[in-house]
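K.L.:
Sequence:
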Amino acid sequence: MQPLKCALKTSQTLRQSPLSSVIRQILRTYRTTSHLNAKVYPELEKQQDDRLQRDFSSRLASGPTFQHFLRNASVPQEKSDSSAAVEDPPPYLTPEALLGKGRKVYLETYGCQMNVNDTEIAWAILQKSGYLRTNSLHEADVILLVTCSIREKAEQAIWNRLKRLKSVKARRLRSQVPLRIGILGCMAERLREEILHREKLVDIVAGPDAYRDLPRLLSLADSGQRSANVLLSLEETYADIMPVQTSSNATSAFVSIMRGCDNMCSYCIVPFTRGRERSRPIASILEEVKKLSQQVLQLIQERNNICKQIHLPAQSGSSRVLELMRRGYTREAYLDLIHHIRESVSGVSLSSDFIAGFCGETEDDHLQTLSLLQEVRYNVGFLFAYSMRQKTRAYHRLQDDVPEEVKQRRLAELVVAFREGATEANMAMVGHTQLILVEGPSKRSTTELCGRNDGNIRVIFPDIEMGDGIDCRGLIRAQPGDYVLVKITSSNSQSLKGVALCRTSLQEYSAHR
Numbered sequence: 034m035q036p037l038k039c040a041l042k043t044s045q046t047l048r049q050s051p052l053s054s055v056i057r058q059i060l061r062t063y064r065t066t067s068h069l070n071a072k073v074y075p076e077l078e079k080q081q082d083d084r085l086q087r088d089f090s091s092r093l094a095s096g097p098t099f100q101h102f103l104r105n106a107s108v109p110q111e112k113s114d115s116s117a118a119v120e121d122p123p124p125y126l127t128p129e130a131l132l133g134k135g136r137k138v139y140l141e142t143y144g145c146q147m148n149v150n151d152t153e154i155a156w157a158i159l160q161k162s163g164y165l166r167t168n169s170l171h172e173a174d175v176i177l178l179v180t181c182s183i184r185e186k187a188e189q190a191i192w193n194r195l196k197r198l199k200s201v202k203a204r205r206l207r208s209q210v211p212l213r214i215g216i217l218g219c220m221a222e223r224l225r226e227e228i229l230h231r232e233k234l235v236d237i238v239a240g241p242d243a244y245r246d247l248p249r250l251l252s253l254a255d256s257g258q259r260s261a262n263v264l265l266s267l268e269e270t271y272a273d274i275m276p277v278q279t280s281s282n283a284t285s286a287f288v289s290i291m292r293g294c295d296n297m298c299s300y301c302i303v304p305f306t307r308g309r310e311r312s313r314p315i316a317s318i319l320e321e322v323k324k325l326s327q328q329v330l331q332l333i334q335e336r337n338n339i340c341k342q343i344h345l346p347a348q349s350g351s352s353r354v355l356e357l358m359r360r361g362y363t364r365e366a367y368l369d370l371i372h373h374i375r376e377s378v379s380g381v382s383l384s385s386d387f388i389a390g391f392c393g394e395t396e397d398d399h400l401q402t403l404s405l406l407q408e409v410r411y412n413v414g415f416l417f418a419y420s421m422r423q424k425t426r427a428y429h430r431l432q433d434d435v436p437e438e439v440k441q442r443r444l445a446e447l448v449v450a451f452r453e454g455a456t457e458a459n460m461a462m463v464g465h466t467q468l469i470l471v472e473g474p475s476k477r478s479t480t481e482l483c484g485r486n487d488g489n490i491r492v493i494f495p496d497i498e499m500g501d502g503i504d505c506r507g508l509i510r511a512q513p514g515d516y517v518l519v520k521i522t523s524s525n526s527q528s529l530k531g532v533a534l535c536r537t538s539l540q541e542y543s544a545h546r
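Each residue of the sequence shown is one higher than the last, beginning at 34 in my numbering.
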């Protein structure tokens with residue numbers, strides 16, 4: 034109503050001004066003259082009307098068309114050379130203001146594996162912005178709690194934790210960088226108002242889709258503002274951010290392939306705290322899996338307490354058969370992986386599974402499997418003739434069309450090829466000293482012990498007294514669980530044989546390598 038009131042007031046002002054009386058007099062004179070001309074000179078009135086009509090039609094024909102307006106609307110107006118250039122004002126937060134400048138971050142994770150992944154994403158963002166990580170609460174300049182809202186008990190744990198953090202913040206010395214506390218994750222989205230205002234302890238609040246905004250939120254907190262970003266997104270998957278593991282001693286890692294949920298279970302709050310379901314691009318998932326796989330290979334190479342053996346089921350050496358099996362890779366991709374593993378882990382031992390005579394397997398497919406066995410030379414193999422299983426996809430979609438005698442003949446040929454390769458691979462270990470983990474007595478002889486070397490190959494050696502330690506501190510008989518140095522004297526496709534030198538340990542063995 035405000036614009037209307039303003040218009041009415043302006044109209045009243047004009048009516049009361051001297052100018053308005055002059056305008057009214059002019060209009061009255063014009064109306065009177067026009068009325069007289071119409072009565073006295075009707076033909077004059079008609080001539081004037083005709084002239085006005087022609088004039089209007091002429092101006093209309095020569096005036097702008099509809100296309101003229103469209104064309105002008107689509108072409109931006111060029112700036113005049115004489116006009117001074119106007120620069121955009123500087124941003125209120127400079128890139129330098131978003132940097133962590135070495136401040137230390139302490140992260141606590143509550144709830145599910147998804148929150149573990151969220152913690153790794155948040156830390157990847159902060160690390161890139163110049164923050165450092167600390168595992169000590171009292172060293173931290175920033176404390177971030179990655180929270181859960183799936184149950185009331187989970188939220189209550191956060192409220193209790195915030196009460197304890199209040200005393201940590203109160204003891205902060207004035208000479209130190211001010212301590213900032215933030216709530217991240219599901220609880221942040223659900224209770225943002227209460228979190229910010231309850232006891233005024235929390236400085237920032239960031240929902241599951243707002244972790245990219247953490248540097249800005251922390252920068253605002255430095256100026257004394259409490260800030261929040263809990264907007265849910267239909268697109269955010271953090272696909273371009275490689276999570277950084279927050280624990281150097283972690284024994285597992287999680288790869289997140291989707292965020293949010295569309296199921297809307299009647300008891301669950303997840304769709305409302307994490308938003309609608311959306312998946313990461315496949316390329317992003319594969320990139321992260323490859324990185325984790327490479328980290329595993331590096332650990333196998335570096336750590337003496339990890340067996341240098343990898344099981345890679347091939348099933349077939351034919352890409353066509355692999356497609357029928359729905360294995361998801363080709364012969365070429367499999368061989369590339371084999372080469373990469375052997376380049377990453379020196380002396381790695383490989384084992385595999387193979388099926389002879391799968392549905393539709395031709396003689397050429399079989400020959401390709403034989404050539405794969407000969408090229409890779411596995412240390413351990415598990416080979417079988419195909420037998421149709423009910424309820425499988427092959428049972429419903431394919432035909433078990435390879436005769437049984439052909440399956441057995443092909444299996445025998447695969448076994449021969451495997452044994453030749455394994456014999457050659459094991460023969461290379463003869464004459465070398467290897468560290469063996471003792472499993473117990475040999476199944477074939479009570480006077481011998483059986484163990485496994487670093488490649489998970491079975492090693493048989495006599496159960497005799499041996500030196501205790503590399504420096505022979507005394508004589509001892511090896512027990513299951515002991516590490517023993519064994520010099521390999523012979524081999525076949527299945528196992529190695531040798532002579533025990535002394536009992537040792539992983540630490541002692543590593544120190545003398």
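Think of the hints as simulated: they come from the structure by calculation, not from any bench.
Treat the hints with caution; some may be incorrect.
To be verified - Straight-line C-alpha distance at most 30 Å; calculated DSS-like pairs for lysine-lysine:
{"hint": "1", "residue 1": "K186", "residue 2": "K161"}
{"hint": "2", "residue 1": "K323", "residue 2": "K341"}
{"hint": "3", "residue 1": "K341", "residue 2": "K161"}
{"hint": "4", "residue 1": "K324", "residue 2": "K137"}
{"hint": "5", "residue 1": "K233", "residue 2": "K324"}
{"hint": "6", "residue 1": "K520", "residue 2": "K424"}
{"hint": "7", "residue 1": "K161", "residue 2": "K324"}
{"hint": "8", "residue 1": "K137", "residue 2": "K161"}
{"hint": "9", "residue 1": "K202", "residue 2": "K233"}
{"hint": "10", "residue 1": "K424", "residue 2": "K476"}
{"hint": "11", "residue 1": "K202", "residue 2": "K186"}
{"hint": "12", "residue 1": "K199", "residue 2": "K341"}
{"hint": "13", "residue 1": "K186", "residue 2": "K196"}
{"hint": "14", "residue 1": "K341", "residue 2": "K530"}
{"hint": "15", "residue 1": "K161", "residue 2": "K199"}
{"hint": "16", "residue 1": "K199", "residue 2": "K186"}
{"hint": "17", "residue 1": "K476", "residue 2": "K341"}
{"hint": "18", "residue 1": "K161", "residue 2": "K134"}
{"hint": "19", "residue 1": "K186", "residue 2": "K233"}
{"hint": "20", "residue 1": "K199", "residue 2": "K137"}
{"hint": "21", "residue 1": "K233", "residue 2": "K161"}
{"hint": "22", "residue 1": "K424", "residue 2": "K341"}
{"hint": "23", "residue 1": "K137", "residue 2": "K196"}
{"hint": "24", "residue 1": "K196", "residue 2": "K233"}
{"hint": "25", "residue 1": "K520", "residue 2": "K476"}
{"hint": "26", "residue 1": "K161", "residue 2": "K323"}
{"hint": "27", "residue 1": "K134", "residue 2": "K202"}
{"hint": "28", "residue 1": "K520", "residue 2": "K530"}
{"hint": "29", "residue 1": "K134", "residue 2": "K324"}
{"hint": "30", "residue 1": "K202", "residue 2": "K137"}
{"hint": "31", "residue 1": "K186", "residue 2": "K134"}
{"hint": "32", "residue 1": "K476", "residue 2": "K530"}
K.L.:
State for each hint whether it applies.
P.N.:
Taking the hints in turn, this is what the structure says about them:
Annotation: proposed proximity of K186 to K161 is violated, straight-line Cα distance about 34 Å (limit 30 Å). Restraint check for K323 and K341: the C-alpha separation of about 19 Å stays at or below 30 Å, so the hint holds. Of the pairs offered as hints, the one joining K341 and K161 is violated, with about 34 Å between alpha carbons and a cut-off of 30 Å exceeded. Among the hinted pairs, K324 with K137 is consistent with the structure: their alpha-carbon atoms are about 26 Å apart, no more than 30 Å.
Between K233 and K324, the direct Cα distance comes to roughly 41 Å. Violation of the 30 Å bound is thereby established for this hinted pair. The hinted pair formed by K520 and K424 fails the criterion: a straight-line CA distance of about 50 Å is larger than 30 Å. Between K161 and K324 the alpha-carbon distance is near 18 Å, which keeps this suggested pair within the 30 Å criterion. Distance hint between K137 and K161 is fulfilled; the C-alpha atoms sit about 13 Å from each other, no more than 30 Å.
Distance hint between K202 and K233 is fulfilled; the C-alpha atoms sit about 12 Å from each other, no more than 30 Å. Only pairs whose Cα atoms come within 30 Å are accepted, and K424 paired with K476 is rejected, the gap being roughly 38 Å. Proposed proximity of K202 and K186 is supported: the alpha carbons are some 25 Å apart, at most 30 Å. About 49 Å separates the Cα atoms of K199 and K341, which puts this hinted pair outside 30 Å; it is violated.
For the proposed pair K186 and K196, the alpha carbon gap of about 16 Å is at most 30 Å, so the pair holds. For the suggested pair K341 and K530, the alpha carbons sit about 19 Å apart, so the restraint of at most 30 Å is met. Distance restraint check for K161 and K199: the Cα-Cα separation of roughly 28 Å lies within the 30 Å cut-off, and the hinted pair is therefore satisfied. Taking the CA atoms of K199 and K186, the gap is about 20 Å. The hint holds against a cut of 30 Å.
Restraint check for K476 and K341: satisfied, since their Cα atoms lie roughly 24 Å apart, inside the 30 Å limit. A hinted pair counts as satisfied when its Cα atoms are at most 30 Å apart, and K161 with K134 qualifies at roughly 11 Å. Our distance criterion of 30 Å between C-alpha atoms is met by K186 and K233, whose separation comes to about 22 Å. With a C-alpha separation of about 18 Å, the suggested pairing of K199 with K137 holds against the 30 Å cut-off.
Between K233 and K161 the alpha-carbon distance is near 29 Å, which keeps this suggested pair within the 30 Å criterion. For the suggested pair K424 and K341, the alpha carbons sit about 37 Å apart, so the restraint of at most 30 Å is broken. For the hint linking K137 to K196, the alpha-carbon distance of about 21 Å falls within 30 Å, and the restraint holds. Restraint check for K196 and K233: satisfied, since their Cα atoms lie roughly 11 Å apart, inside the 30 Å limit.
About 21 Å separates the Cα atoms of K520 and K476, which keeps this hinted pair within 30 Å; it holds. With a C-alpha separation of about 21 Å, the suggested pair K161 and K323 falls inside the 30 Å cut-off, and the hint holds. For the suggested pair K134 and K202, the alpha carbons sit about 20 Å apart, so the restraint of at most 30 Å is met. Among the hinted pairs, K520 with K530 is consistent with the structure: their alpha-carbon atoms are about 8 Å apart, no more than 30 Å.
Straight-line distance between C-alpha atoms of K134 and K324 comes to about 28 Å, which keeps the hinted pair within the 30 Å bound. A distance of roughly 15 Å separates the Cα atoms of K202 and K137; the hinted pair therefore holds under the 30 Å criterion. Of the pairs offered as hints, the one joining K186 and K134 is violated, with about 36 Å between alpha carbons and a cut-off of 30 Å exceeded. Distance check on the hinted pair: K476 and K530 sit about 14 Å apart at the alpha-carbon level, within 30 Å; holds.
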